[in-house]
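Residue numbers (UniProt numbering): 1 to 200.
Hints may contain errors.
To be verified - For lysine-lysine, the following DSSO-like pairs were computed, each having C-alpha atoms within a straight-line distance of at most 27 Å:
(1) Lys176 - Lys144
(2) Lys78 - Lys126
(3) Lys193 - Lys176
(4) Lys176 - Lys149
(5) Lys149 - Lys126
(6) Lys76 - Lys149
(7) Lys149 - Lys193
(8) Lys176 - Lys199
(9) Lys176 - Lys126
(10) Lys149 - Lys78
(11) Lys149 - Lys182
(12) Lys176 - Lys76
(13) Lys182 - Lys193
(14) Lys76 - Lys126
As the list claims (entries may be wrong) - Derived DEER-like restraints, expressed as beta-carbon distance ranges:
(15) Ala194 - Glu54: 47 to 53 Å
(16) Arg131 - Cys51: 20 to 26 Å
(17) Asn162 - His122: 55 to 61 Å
(18) Gln127 - Lys76: 17 to 23 Å
(19) Arg181 - Lys76: 49 to 55 Å
(20) Glu54 - Gln19: 25 to 31 Å
(21) Glu23 - Cys51: 19 to 25 Å
(22) Arg175 - Gly69: 28 to 34 Å
(23) Gly69 - Asp171: 49 to 55 Å
(24) Cys43 - Trp134: 30 to 36 Å
(25) Arg131 - Glu166: 35 to 41 Å
(26) Ala65 - Arg181: 34 to 40 Å
(27) Gly69 - Asp160: 28 to 34 Å
(28) Ala194 - Trp134: 54 to 60 Å
Simulated from the structure, these hints should not be mistaken for lab results.
Predicted, not measured: the structure shown is a model, and the values here were computed from it.
Built from N, CA and C at the ideal position, the CB exists for glycine as well.
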Amino acid sequence: MRRLLLIHEHVAHASKPNQASAEASAVAEENLCESGYHVYTACSAADLPRCIHEIDAAVVHLPIARIAGWQRNLEKLKPVPVLWWCSPYSGTSSADYCQDDAPIDGILTPSMSPSELHWALHVGTKQFLDRQQWHTERQQLRSKLEERKWIDMAKGILSDINRVSEAEAYDMLRRKAMNERKRIVDVATSIVKAHQQLKA
C-alpha cells in the first residue's frame with residue numbers, strides 16, 4: 001500500500017479555523033510523503049474520479065461529522081479503507097460528535113513515525129477487509145432469509161390447496177423447479193404472487 005488519497009477541506013478564506021485546517025492538512029501531506037507514500041489530494045467529490053483507481057486507501061483530515069458523506073462518495077467509485085487523520089484541528093472540531101460507529105477503519109496522527117504509519121495503515125486495511133467480508137456475509141444471509149420466506153409461504157399455499165404435509169409440498173416445489181429448470185425460490189415466488197392475485 002503506497003498510494004493514498006488525502007481528503008481535506010477547501011480553504012475559501014483565511015479565518016483561524018480554516019488556517020488551522022490548511023496547516024494541519026499540509027503537515028499530513030508532508031508526513032505521508034516523507035514516509036514513502038505517493039499522496040493525491042481531494043477537496044471535493046469532483047476530485048475523486050481523477051485518482052480513485054490509483055489509490056490504495058483514503059486518509060480523511062476532516063471533522064468526524066463530515067466523514068460519512070465522503071465515505072459514501074468513495075464507495076460509489078471504489079471501496080477503499082478510510083483512515084482518519086486526527087490532528088489538533090480535526091480532533092477539536094470532532095469533540096461534539098464523538099460516537100462509537102464513526103465510519104473509519106483506523107486513525108493516524110501527526111506524531112506517528114513512518115513505521116507506525118505503515119502498521120496503522122496495515123491494520124486499517126485489515127479492518128476494512130473484515131468489514132467488507134462481514135457486509136457480504138450479511139447480504140447473503142439476508143438474501144437467504146428472504147428466499148426462505150418465499151419458500152415457506154409457497155409450501156403453506158401448496159399444503160392448503162393440495163391437502164398435503166409441508167414436506168410433501170416442498171417436494172412438489174422442488175420437482176416443479178427441476179422440471180422448469182428454475183431455482184426453487186423463483187418457483188415459490190411465482191406461486192405466492194399468483195395466489196395473492198387470485199385472492200385480490
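Status of each hint after checking the structure:
{"no.": "1", "hint": "Lys176 - Lys144", "in the structure": "holds (20 Å)"}
{"no.": "2", "hint": "Lys78 - Lys126", "in the structure": "holds (17 Å)"}
{"no.": "3", "hint": "Lys193 - Lys176", "in the structure": "holds (16 Å)"}
{"no.": "4", "hint": "Lys176 - Lys149", "in the structure": "holds (18 Å)"}
{"no.": "5", "hint": "Lys149 - Lys126", "in the structure": "violated (34 Å)"}
{"no.": "6", "hint": "Lys76 - Lys149", "in the structure": "violated (30 Å)"}
{"no.": "7", "hint": "Lys149 - Lys193", "in the structure": "holds (13 Å)"}
{"no.": "8", "hint": "Lys176 - Lys199", "in the structure": "holds (22 Å)"}
{"no.": "9", "hint": "Lys176 - Lys126", "in the structure": "violated (45 Å)"}
{"no.": "10", "hint": "Lys149 - Lys78", "in the structure": "violated (33 Å)"}
{"no.": "11", "hint": "Lys149 - Lys182", "in the structure": "holds (17 Å)"}
{"no.": "12", "hint": "Lys176 - Lys76", "in the structure": "violated (40 Å)"}
{"no.": "13", "hint": "Lys182 - Lys193", "in the structure": "holds (16 Å)"}
{"no.": "14", "hint": "Lys76 - Lys126", "in the structure": "holds (20 Å)"}
{"no.": "15", "hint": "Ala194 - Glu54: 47 to 53 Å", "in the structure": "holds (51 Å)"}
{"no.": "16", "hint": "Arg131 - Cys51: 20 to 26 Å", "in the structure": "holds (23 Å)"}
{"no.": "17", "hint": "Asn162 - His122: 55 to 61 Å", "in the structure": "holds (59 Å)"}
{"no.": "18", "hint": "Gln127 - Lys76: 17 to 23 Å", "in the structure": "holds (21 Å)"}
{"no.": "19", "hint": "Arg181 - Lys76: 49 to 55 Å", "in the structure": "violated (36 Å)"}
{"no.": "20", "hint": "Glu54 - Gln19: 25 to 31 Å", "in the structure": "holds (30 Å)"}
{"no.": "21", "hint": "Glu23 - Cys51: 19 to 25 Å", "in the structure": "holds (23 Å)"}
{"no.": "22", "hint": "Arg175 - Gly69: 28 to 34 Å", "in the structure": "violated (51 Å)"}
{"no.": "23", "hint": "Gly69 - Asp171: 49 to 55 Å", "in the structure": "holds (51 Å)"}
{"no.": "24", "hint": "Cys43 - Trp134: 30 to 36 Å", "in the structure": "holds (31 Å)"}
{"no.": "25", "hint": "Arg131 - Glu166: 35 to 41 Å", "in the structure": "holds (38 Å)"}
{"no.": "26", "hint": "Ala65 - Arg181: 34 to 40 Å", "in the structure": "violated (52 Å)"}
{"no.": "27", "hint": "Gly69 - Asp160: 28 to 34 Å", "in the structure": "violated (50 Å)"}
{"no.": "28", "hint": "Ala194 - Trp134: 54 to 60 Å", "in the structure": "violated (37 Å)"}
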